[in-house]
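Engineer: With these hints in hand, go ahead and build the complete structure from the sequences.
Protein chains in written order, with the numbering used here: chain A, 1 to 526; chain B, 527 to 802; chain C, 803 to 1112.
Check the hints yourself; a few may be wrong.
Said to hold, decoys possible - Here are the in silico distance ranges between beta carbons for each label pair:
#1 A:144 with B:662: 29 to 37 Å
#2 A:92 with C:851: 43 to 51 Å
#3 B:538 with C:960: 42 to 50 Å
#4 B:544 with C:909: 26 to 34 Å
#5 C:862 with B:699: 55 to 63 Å
#6 C:971 with A:169: 31 to 39 Å
#7 B:573 with C:888: 29 to 37 Å
#8 C:1013 with B:768: 42 to 50 Å
#9 B:537 with C:1020: 31 to 39 Å
#10 A:352 with B:573: 16 to 24 Å
#11 C:1017 with B:796: 24 to 32 Å
To be verified - Partner residues aside, some chain A positions facing chain B, computed with beta carbon under 10 Å:
#12 262
#13 321
#14 325
#15 375
Treat the hints as calculated values from the structure; they're not laboratory data. Computed from a predicted model, the values in this text were never measured in an experiment. Even for Gly, the Cβ is constructed at its ideal location relative to N, Cα and C.
The primary structure of each chain is shown beneath.
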Amino acid sequence: MKLFSTVAMIALLAGSLSTAWAQDRGGVLNFARYDGSKLIDPIYADRNPDIWMVMNLFDTLLTMKDGVAIDNLTQSHAVSPDGLTLTLTLRDDIKFADGTPMTGADVVFSLDRARNKDLTSWADLISSIDTVSAEGNVVTVTLEHADPAILSMLATFSTAIVSKAAFDAAPGATDQEKSAAIFASGKPGVGSGPFYLSGFSQGATMDFTANPHYWRAGADGKPLPYLDGVHFEIIPDDATRVLKLQSGEVDVAELIPFSRVAELKADPELRMELFPSTRIIYAPINTRETRTDGSANPLADVRLRQALNYATDKDALVALVLQGSGAPMSSPLMSSQTPLAADMSPLYGHDIEKAKALVAEAGIQPGTSLTFTTLAGSADDATVFAALQQMWAPLGVNLVVEQVDSATRGAKNKSGEFDIHTYGWSDDVADPAQVVGWLGYNPTANSVGTGWNDAAFNGLYEAANAEVDPAKRAEDYRKMQEIYAEAAPLLWLFETPYAVAMSKKVEGYVQLPLGVNKFDEATIKQ
Amino acid sequence: MMLTGRFKEALKKPGFAVGLTIVGASIIVALFPFAFAGHDPTAMDYTAINQPPSLEHPFGTDTLGRDVLSRVIWAYRVNIPMAFLATVFAFVIGVIVGALVGFHRGIADAIFGRVVDAVITFPFLVLVIAVVAVLGPGLVNMYVAITVVGWVYYARLTRAEIIGQMGNDYASAGRVMGYSNSRIIFRHLLPNAISPVIVYWMTDMALAILLGSSLGYLGLGAQPPQSEWGVLIAEGRNFVTTAWWLSLMPGIAIVLTGLGFSLIGDGLADILRPKG
Amino acid sequence: MARSILTRLLLMIPTFALVMIIIFVLVRLLPGDPALALAGDRASDAELATIREKLGLNDSLLTQFVLFIKATLSGDMGRSILMRAPVSAVIANKLPITIFLAVYSVGLSLLIAGPLAFVAALNRGRWPDTLIRTVFQIGLSMPVFYIGLVLLTFLAAKLRLFPVGGTGIGLFGQLYAMFLPAMAIAFYTSAIILRNLRSAIIEVLDADYVAFAKVKGLPPRVILGRHVLRNALISTVTLVGLSIGNLMSGTLVTETVFAVPGLGRLMLEAIFARDYPLIQGLTLTFAVLVSGVFLMTDLFQSWLDPRMRQ
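Structural biologist: In structure tokens:
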């Protein structure tokens, strides 16, 4: 009894103290993920579950705030008037998680890795860099040509800073082997991010522990992060992940199916967050004159592609698939969160009469059969198909479904063996060049496999990527979006937020528009 | 004569009779779904999605406002033939191959033994998934995949039964009388050896529905907007707590039909089991 | 005895060879490209070409096959494309979980089906028999993914009797955490075992030697123990041994639904990512496991049943 009351007193006291300071510290956050990381290294991360975790273990020189790159690991940064030289002055209080200080040599090492084409597919992001050198805490970067996106790229995960000493000391003959060895060791020291990786079991669990030497301070003046650590569990099944949260076994569950959002919103113990994202769902349309089997492709006619877009009631799709937690796309080339996105909404607003007129003009025969390729096992894709089949029937289009797995869909996209298929995209960098290069610039990947190839568009894209005048660059991107919307090589569907549900005890966890999971300011009430 | 007698005897047992009734009723529903379904199974109504059961929609409506009862009923058209089509070719091929290698033994039997070992050491579902992935999803390819893997089990069973029968007098009597091999196999050995295989076939039909549903659930079986019980459950699984009728109703249909086939299998086992 | 084991082991060589050829051809027939699966849909054509070169996918099929056989014979199953780690290490990491789940579910099935089969057989044709058989028929007709969902929703999330997923720590932790997935599989296996065991017991009860023993005046307990139990055990062991392949299939779906990180889930992932080395390694592992169980079944059988020893 006495013991009990003492415990109760302490608890009461602790409770009142924590409200006085209003800052929860400590504790381990339990997080249910849909897929596991394989290797978290800035340059080898190429799947979203890897990419989105990089920033928790590593830090970038600059960081994006309101669309502008600002200092992060640097005290200051400057671009020469000709745009060819960057001077970065590093902060002198940055330490890796094992306490060793970060120096200019680490920056040179990291950037040289990040632009090495033999090591990483992300090298293209900073292909404009000619040399990187350091003297004391001043790093000089020279460019081969002016690059309007270079500052954003220094705020991108692939250019995050790794410790040269950690790599020198790691066992292994190649950089890949060293990286894998460091990842497997579970020791601090390779990164200077708010956490370090302290445990990893392939496909099952992963643990982050707070970096005691992290440089940024929290609201209470003490260093971030607030949490002692994060424990991840990999639960690929949507329904199971939600159950895991509802049973209180985890504090946060990501990638909540949109069909569950309303239900979880109503749960008094949970908070349902819809974080703005750069994720877009669309369907590439094969624009080639003939299909791969040699038959004539009716979709080569731009009027049919436009008609299909007009006949698609995107608001209805948002209601059916996303249960209202999203919006139709407003720019034909990117999400509304991407810099330089033009707001062209309603982008092909629902207009069945216009669609019918276009189909008649194009001379499309009633009963024309089109194949819609979807992802097997995806409830969302099945719903989209069922709805489109009905929406397009008045045009005389007979829509047939073909379900494939993700690898097969990717292969079909490359080979052009499809009519229309579902697809999704989210940006990895805070710049439109990546997504526009993917969707519309033919040399990258055949304009997302559609075969659409427009000389004017390609020219604008190349010009924009060397254009240092922000206003002129924005103008180039505006023109590209207009050309693209008119040509309709896509069926535009919708933008989706990141749906994350969490216990009400959790505060401060966010997922950024690029998908990054950010734990540095997260707290959990004990 | 004897068999019909036993059949009548078996009918008196409730299990067998119930099994026959369930399967018989299922076949009738599969033949005339329009007579039982009150709604068009593909007609959507965006204004009435996920409605709980009511007089208008006894099993409620689904995520696109379609009538769940009508979808479950139309799914009989897919699932009942599935039980038969997914197994019958495996049955025929397996029985013929099993009888031949069981009778002749020798090198063919040795090769057969290795093939059987190779196939049964694969997890069944993995092999089927791989074959479906190669051929592409869809019901026909699913049947092909199940047949390619499934015949082995029938062949194995038949072979063992044939070898057992070979020891009997009438087999050697047939040889002495100079009957052709095929006559001995198919007129004398097989009729005596086949009953366990038929019993297994009945059980396998129930399993075929389960397997087809598992594949439909993974998106590798029936294609939307076709109704299929596994697909229906998959569609409803995100709504187990909010719209339970979406997955429960097709779940009941699977269990009921599977029960029907299993009961028939049990009954047949009693009828065909040698007595005395 | 030793000779028959040796023969069985030698016969496994052509079986494994066949398994490897089938899987090698099958994975390469799969549409889709491991390079694309690895690099993601975003990859440009140039990147894909580099990755294909690195993975050795540009070699002729024959070269790939020869390399693959050589490596396998020297005990090297290659590196997993998806996991970026040696296949052997990836599999060794997951193997205990799947074996634990399989053994656990078989154990549960026997515990459930064993006693009930006796009750059913001894009450043949009466209501306990009918009731037990009907309940198990329903178990036999339920898809594992549906049972799993129902168990999770009600026992784990609603009543919070069990954890929703994971594997637990320590023997008791594991037994507790994996109870629901093991039950989901046991629903099906126990139904099969019960059906088989019941008819085996009935067959023995009807057999002459049991009738003789009864006439001799042996107490029923002795009859049950000496004759019935042994014979029932033989057929049950055979059945469990033979259904090990199906059991492995069961873990495929179950591990996904219950978030158990075992080999079944790994296999699905590997197939979807077109991870050729991992699929091949897993197939070989399954083949060795299943063949091993078959062999043990045979040995056990001949140990229990002296007639089979010749």
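Engineer: Taking the hints in turn, state whether each one holds.
Structural biologist: Here's how the hints hold up against the structure:
For the pair residue 144 of chain A and residue 662 of chain B, the supplied restraint of 29 to 37 Å is violated, since their beta-carbon distance comes to about 47 Å. The hint said 43 to 51 Å for the Cβ distance between residue 92 of chain A and residue 851 of chain C, and at roughly 44 Å that hint holds. Remark: the range hint 42 to 50 Å for residue 538 of chain B to residue 960 of chain C is upheld by a beta-carbon distance near 43 Å. In this structure the hint that residue 544 of chain B and residue 909 of chain C lie 26 to 34 Å apart at CB holds, the actual value being about 32 Å.
Under the hint 55 to 63 Å, the C-beta atoms of residue 862 of chain C and residue 699 of chain B, about 57 Å apart, fit the expected range. About 32 Å separates the C-beta atoms of residue 971 of chain C and residue 169 of chain A, a value consistent with the hinted range of 31 to 39 Å. Range check, residue 573 of chain B to residue 888 of chain C: Cβ separation about 56 Å, and the 29 to 37 Å hint is violated. About 60 Å separates the C-beta atoms of residue 1013 of chain C and residue 768 of chain B, a value inconsistent with the hinted range of 42 to 50 Å.
For residue 537 of chain B and residue 1020 of chain C, the hinted distance range of 31 to 39 Å is satisfied, since their beta carbons lie about 38 Å from each other. Distance hint for residue 352 of chain A and residue 573 of chain B: a CB-CB separation of about 18 Å, consistent with the stated range 16 to 24 Å. For the hinted restraint 24 to 32 Å between residue 1017 of chain C and residue 796 of chain B, the CB-CB distance of approximately 27 Å keeps it satisfied. Given the 10 Å rule on beta carbons, the hint for residue 262 of chain A holds: about 8 Å separates it from the nearest Cβ of chain B.
For residue 321 of chain A, the interface hint holds, the least distance from its beta-carbon to any beta-carbon of chain B being 9 Å, beneath 10 Å. Evaluation of the residue 325 of chain A hint against chain B yields a violated restraint, the C-beta minimum of about 14 Å exceeding 10 Å. Below 10 Å, beta-carbon pairs count as interface contacts, and residue 375 of chain A has one with chain B at about 7 Å; its hint therefore holds.
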